[in-house]
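Asks: When you line the sequence shown up against the working numbering, it's residues 47 to 230, in that order.
A few of these clues could be false.
Said to hold, decoys possible - Taking lysine-lysine and the PhoX-like style, the derived pairs with C-alpha atoms no more than 20 Å apart in a straight line are:
hint : residue 1 : residue 2
1    : Lys70     : Lys111
2    : Lys229    : Lys184
3    : Lys229    : Lys191
4    : Lys191    : Lys202
5    : Lys209    : Lys197
6    : Lys111    : Lys151
What the hints assert, rightly or not - Label-pair distances were calculated between CB atoms; the ranges are:
hint : residue 1 : residue 2 : range
7    : Gly222    : Val173    : 55 to 61 Å
8    : Ala205    : Phe163    : 28 to 34 Å
9    : Gln196    : Met156    : 23 to 29 Å
Hints were generated in silico from the structure; no laboratory data involved. In this text, a Cβ means the ideal position worked out from N, Cα and C, and glycines have one as well.
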Amino acid sequence: MTVFSYARVSTLDQKTDLQENALKGKYPDAKYSEEKASGTSMSNRETLNYILHFIGVGDKLVVWKLDRLARDMHDLTKIVKLLDEKGASLEILDQSIDTSTASGKAFLQMLGVFAEFETNLRAERQVAGIAAARARGKHLGRPIKLTDDQKEEIQKRIAAGEKPPDLSKEFNVSRGTIYNVIKE
């Protein structure tokens, strides 16, 4: 049996120290792998996909916490099904879950549902927060490059024959921005 331990952080400035200590503490001889990639998409998680490709019968994938492996029920189900088809199991140290047992599989599915529920609640709160900010008149997104007065001035000067490249230099914006103002 080969044990693969997997640690993941979402950004380059985050550290895997806590995960690494927990994983190596329980399985010091495991094949340890880590990656710095967002958990929102399985496609950009090369290290995990590599492990899932090579894991085989009797092997075990160990993670520190469920959210280090999957962010939603769909991905979790996909990973667990793949491991099951290959005759491998999953262990989550934080919750003492081991899918080599029937109770471990059932508990993992329940946790996955709640993890997805929490993600959906977070998304709903974010949408509500954005709507409230917009209702207060707060600008969201990239900073506004040109004021309405500047746009009006640009349109007048274009009508008077000035060239977009000259205006883009003067207003310190790209030519594309000037052309977008012309289209308005």
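Asks: Looking only at beta-carbon atoms, does the pair Ala205, Phe163 fall within the given range of 28 to 34 Å?
Replies: The hinted range 28 to 34 Å is violated for Ala205 and Phe163, with Cβ atoms some 56 Å apart.
Asks: Mind checking the alpha carbons of Lys191 and Lys202 for me, to see if they're no more than 20 Å apart?
Replies: Judged against 20 Å, a Cα distance of about 18 Å means the pair holds.
Asks: Does Lys151 sit within 20 Å of Lys111, going by the straight-line distance between their CA atoms?
Replies: holds (15 Å)
Asks: Under the criterion that the straight-line Cα-Cα distance not exceed 20 Å, is the pair Lys209, Lys197 satisfied?
Replies: Given that 20 Å is the threshold and the Cα spacing comes to 14 Å, the pair holds.
Asks: The hint says 23 to 29 Å between Gln196 and Met156; measuring C-beta to C-beta, is that right?
Replies: With a Cβ separation near 57 Å, Gln196 and Met156 fall outside 23 to 29 Å, so the hint is violated.
Asks: Note whether the CB distance of Gly222 and Val173 lies within 55 to 61 Å or breaks it.
Replies: violated (30 Å)
Asks: Does Lys184 sit within 20 Å of Lys229, going by the straight-line distance between their CA atoms?
Replies: Answer violated: Lys229 to Lys184 is near 25 Å, above 20 Å.
Asks: Given the hinted pair Lys229 and Lys191, is their Cα-Cα distance within 20 Å?
Replies: holds (16 Å)
Asks: Given the hinted pair Lys70 and Lys111, is their alpha-carbon gap at most 20 Å?
Replies: holds (14 Å)
Of the numbered hints listed earlier, those contradicted by the structure are 2, 7, 8 and 9.
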